[in-house]
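Engineer: Sequence:
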Amino acid sequence: MAENKEEQIILRIETYDNILTEKEGDYTAKPIVTGSVGNPQIAKRIMKGGLEVREETILYILDMADQAKAEAIAQGISVNDGVGQYLVNTRGSFDGPSAAFNPQIHSLGVTYTIGKTLAALLKKIKVENRGLASLGPVINKVTDSTTLSENDEITPGAPITIEGKNMRVIGEDASVGLFFTPTAGGEAKKVSLFVQNDPSKIICVVPALSNGTYTMSITTQAGSTNRTVKTPRSCTFPVTLRVGPKESGGGDRPEIE
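Numbering (our numbering), first residue to last: 863 to 1119.
If you're looking for bench data, these hints aren't it; they were derived computationally from the structure.
Bear in mind that the values here come from a model prediction, so they are computed numbers and not experimental data.
Worth double-checking, as some hints may not be accurate.
Stated by the list, open to error - Here are the in silico distance ranges between beta carbons for each label pair: (1) Glu917 x Gly944: 15 to 23 Å; (2) Gly958 x Pro893: 39 to 47 Å; (3) Tyr889 x Thr1009: 33 to 41 Å; (4) Ile1032 x Asn1073: 26 to 34 Å; (5) Lys892 x Gly977: 17 to 25 Å; (6) Met926 x Ile881: 41 to 49 Å; (7) Gly897 x Val1067: 22 to 30 Å; (8) Glu1034 x Glu884: 35 to 43 Å; (9) Ala891 x Gln947: 23 to 31 Å.
Said to hold, decoys possible - List time: in silico BS3-like cross-link candidates among lysine-lysine, alpha-carbon distance up to 30 Å: (10) Lys1092 x Lys892; (11) Lys931 x Lys986; (12) Lys1063 x Lys1052; (13) Lys892 x Lys988.
Glycine is no exception: its CB is placed at the ideal position from the N, C-alpha and C atoms.
Please work from the sequences and hints to get the whole structure.
Structural biologist: As structure tokens, this is what we get:
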């Protein structure tokens, strides 16, 4: 019988000048993020394994698992799966041993530790260095001014802060701008109001967007100096951004086959 060989996973990285050291020739590296997936895409990946189960059934189970894990974490239970270990934590200073939790100065977060399945997989992957990263825009973080959400929820009509490198939106080409494109398909909405437009930080007002999920992209002709380049350079933030409440994964319970 022919032996099934695991498909080699290749992770590509790019290098950046290490600004934290004066040592010549010292660089850091970042993986090239090629996209993002949610439970619908995970369900499709599972289906490729040839399971005799409907895709919507797998999606339903994944969504229910998310809910069950989230509830356990919220209850102070350490949740362990193949991806990681999750444990709720508190942030902020308390004035005294019995001081009440104040949402205005305290917050809850989650501590993450890599899981066994993911750790084992990372040891097997092949890493390819693609060399020095291009001088195009790089988006690192998006913060919503209304909810203080990071890399998740954004509020139409309110400012967001975008942090990164080489992001200044300038140029006469028609493609230049900061855009939000619905993940479900449709016309991209262009940002028209910038409060701050610098290479490392952009503060802009989110345009009128309907509830749903969006990808954010920047196209600019900004060069490494104050001059513009002829060919526009683009960057798409790999994290999907959300307007409105998170979609409930439950829906109607599908028939289990």
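Engineer: Any hints from earlier that this structure breaks? Give me their numbers in increasing order, please.
Structural biologist: Hints that this structure does not satisfy do not exist here, as all of them hold.
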